[in-house]
Structure formats: structure tokens, C-alpha cells
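I would like the entire structure built from these sequences, with the hints used as guidance.
2 protein chains.
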Amino acid sequence: MDATKSEAFLRLAATLLLLMTALLVLFDSQTKLIYSSILRKATYKDLNALFVLVLVEFSAASYNLLQLVRCCIASRFMPGLIVWHKNLAWICFLLDQVAVYTVFAANSAALAASFLAVTGSSGFQWMKVCNIYARFCFQIGGALVCGYVASLLMALVSSISAFSLFRLYSSKHFLLLKGK
Amino acid sequence: MDATKSEAFLRLAATLLLLMTALLVLFDSQTKLIYSSILRKATYKDLNALFVLVLVEFSAASYNLLQLVRCCIASRFMPGLIVWHKNLAWICFLLDQVAVYTVFAANSAALAASFLAVTGSSGFQWMKVCNIYARFCFQIGGALVCGYVASLLMALVSSISAFSLFRLYSSKHFLLLKGK
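Protein sequences, first through last, are from chains A and B.
Position 118 (the first sequence) corresponds to 118 in the UniProt record's numbering; numbering is contiguous.
Position 132 (the second sequence) corresponds to 132 in the UniProt record's numbering; numbering is contiguous.
Because the hints were derived from the structure by calculation, they are not lab data.
For every residue, glycine included, the Cβ atom is placed at its ideal position computed from N, Cα and C.
Treat the hints with care, as some may be off.
Here are the simulated PhoX-like cross-link-like pairs (lysine-lysine), alpha carbons at most 25 Å apart as the crow flies [said to hold, decoys possible]:
no. : chain 1 : residue 1 : chain 2 : residue 2
1   : B       : 128       : B       : 45
2   : B       : 86        : B       : 5
3   : A       : 86        : B       : 45
4   : A       : 32        : B       : 128
5   : A       : 45        : A       : 32
6   : B       : 128       : B       : 41
7   : B       : 41        : A       : 45
8   : B       : 45        : A       : 128
9   : A       : 128       : B       : 128
10  : A       : 128       : B       : 41
11  : B       : 128       : A       : 41
12  : A       : 128       : B       : 86
Here are the in silico distance ranges between beta carbons for each label pair [as the list claims (entries may be wrong)]:
no. : chain 1 : residue 1 : chain 2 : residue 2 : range
13  : B       : 2         : A       : 9         : 24 to 30 Å
14  : A       : 170       : B       : 122       : 34 to 40 Å
15  : A       : 170       : B       : 98        : 53 to 59 Å
16  : B       : 141       : A       : 51        : 18 to 24 Å
Next comes the structure, spelled out in C-alpha cells:
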């Protein structure tokens, strides 16, 4: 299995998982009767971190889809050409780095905010909300697991794009291309 | 400037910034009189994410210090030998990846939790606390800026370790060492 095929497979899996994460968070809501008189609905908009997560996962899924198209074009029409082109390899490497760190940051931020919903904070007098909205919290938990698996796949993809770029360079001299 | 020197310089800067972040969070506390009768002290222990941040930043600083020692040994006693050794390059690459993602995740989690302290959440009836503990929040903000700069430096270091590893491989065949 060569680098382009592994990359395409990982990108496809990451795209699907990112979409699943975003949709799970987006359509998660639970309505409860609080203090036997007030109806309250919990949605992803109650926590900014979840709102940001939805935006980031949709953007990252679109980005991976575009890269998937590039992979297909590269392997079908110009095998061994586009992938090895130095400037394109640098652009892919940098974009992949930005994408993986952004997705990872958004997931971790959502995890921290959701964790506060589970534990509350006695010091700041923030009450636990997951004993009220249990199903809502379980769904967010599932979404975060998908999100972290997607991050892991994107980290692998970014390693492959680093591999595709750096193997073009000389193993003896710093930042000198091979064959120069 | 060769790869080992850039790496050593970046690791030193990252270590100092990680230590600074951890100490800024660790020694941040503010006492306030609430409801004109209750004395309340805000510390990093009020938010789990800040507690985790302190642990992660200290661990990452120790790790970078160890790697700095390796860099110095490599450049002084065995120039051009240790760094190019394939197995060590793989270990450094994988450890650096784990380290940078962990630090990045801890920073983002702390940012999300601190952001909740600034905005509160009306849906979950969590009150804002940064209008009460303003100085505490400013110091956490400063610590997070240091933490993100450290993450950026560690991302650069992990790119250098990816460079040191992957340039050992053939530019024509997937995962085949040069000279084979």
C-alpha cells in the first residue's frame, strides 16, 4: 500500500467521523421540567465550546474532502508527480498541521466544558447539569469519542504528509533538496 | 544553523515557557468578600482543567529538558551519529508527537474552562466569576498565552524531529530506507 492510498483511506474515514461528530452535537437536545414548573431545553448552544466544535468539525470535514479529491486526481492522472512536487507538498504539510491542531483543540475545549457539566465547580458555585440532562450528556460523550478518533486519523495523515515532504530532502545536509 | 542547534534552542525556549505557564497558574489566587460576609479564595483547584494544565506543563517541561540533554550529547560527542540513527529518530518523533498534542490539548481545555469563567452559561445557570476575581483571571490569561507560545514552539520541534526521521527514507519508494 503506497502513501497516496493510505492517505486517501485515512482522509475518507476522518471526514466521515468529523461529520458524525458535528451532527451528533448539532442534533442533541433534551427538554426537562425543572423545579416542577419551568421547562428547560439543553442544546449545544448552551456551551460556547460545543458551538465552536460544530463549526470546526464541519470545516475540517470539508477540508479533508477537498484533499481527498486532490489525492484521487494525483493517483489517477499523474501518479508520482503531484505528490512529489515540493511546493505542493509544503502547502499540504502546513495545511494538515493547522487542521489537525485546530480539530484537536476544539475537541479538547469541548471535553473540558462537558466535563464541567458532569462535575460542576463547587468553588464557583456552578451546579452539575448532567444529572438533569443525562441523555444529552451521553450523546455529547459519544460525539467526543468520534471526534478524538478523527483527530487521531488526522494526526496520522499529517505524519504521512510530513513523510511525503521531508523524504525529498537530503539526509546529510539541513534543508537541502536531494540531487542538488 | 543545523537541525540539532535549532532543535536545542526551541526546546530550551519551550521548557522555560512551559515552566512559566505552570508557575503562573500554580501561584495564582485571589481572595474576595462575597455577599459582604463570606470570604472566598479562587485558586487553580476550582477548575479541574487548570489543575490538569499544571501537571501537563510540568511533565512537558521535564520531557523537553531531557531531550535538551540528548541534543547536547548528540551535538558535542557524536555529531551526525545519534541524530541520524533510525530507531532513536522514530522514538523522538513519536514522543514529540505525544508531547505536543498533550500540551496543546491541556491548553485548549484550560482555555475553554477559563472562557466559561468569563462568560458564564445562562442556559446552565452558571454565573460569571471573572467580574469578581478579575486579577485571578488576568493572570490565567497571561499563563495561557505563554502556554500557547510553548505549544507553537513544540509543534516546530516536532516538525524538526519529523524532518530528521523522514529524510532518512527514499523519495521514490514508500517506507524504504535510503541506500537500500
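Results for each hint:
{"no.": "1", "hint": "128/B to 45/B", "in the structure": "holds (17 Å)"}
{"no.": "2", "hint": "86/B to 5/B", "in the structure": "holds (19 Å)"}
{"no.": "3", "hint": "86/A to 45/B", "in the structure": "violated (48 Å)"}
{"no.": "4", "hint": "32/A to 128/B", "in the structure": "holds (24 Å)"}
{"no.": "5", "hint": "45/A to 32/A", "in the structure": "holds (16 Å)"}
{"no.": "6", "hint": "128/B to 41/B", "in the structure": "holds (15 Å)"}
{"no.": "7", "hint": "41/B to 45/A", "in the structure": "violated (30 Å)"}
{"no.": "8", "hint": "45/B to 128/A", "in the structure": "holds (17 Å)"}
{"no.": "9", "hint": "128/A to 128/B", "in the structure": "holds (16 Å)"}
{"no.": "10", "hint": "128/A to 41/B", "in the structure": "holds (21 Å)"}
{"no.": "11", "hint": "128/B to 41/A", "in the structure": "holds (21 Å)"}
{"no.": "12", "hint": "128/A to 86/B", "in the structure": "violated (50 Å)"}
{"no.": "13", "hint": "2/B to 9/A: 24 to 30 Å", "in the structure": "violated (36 Å)"}
{"no.": "14", "hint": "170/A to 122/B: 34 to 40 Å", "in the structure": "violated (58 Å)"}
{"no.": "15", "hint": "170/A to 98/B: 53 to 59 Å", "in the structure": "violated (28 Å)"}
{"no.": "16", "hint": "141/B to 51/A: 18 to 24 Å", "in the structure": "holds (21 Å)"}
When held up to the earlier numbered hints, the structure conflicts with 3, 7, 12, 13, 14 and 15 and fits the remainder.
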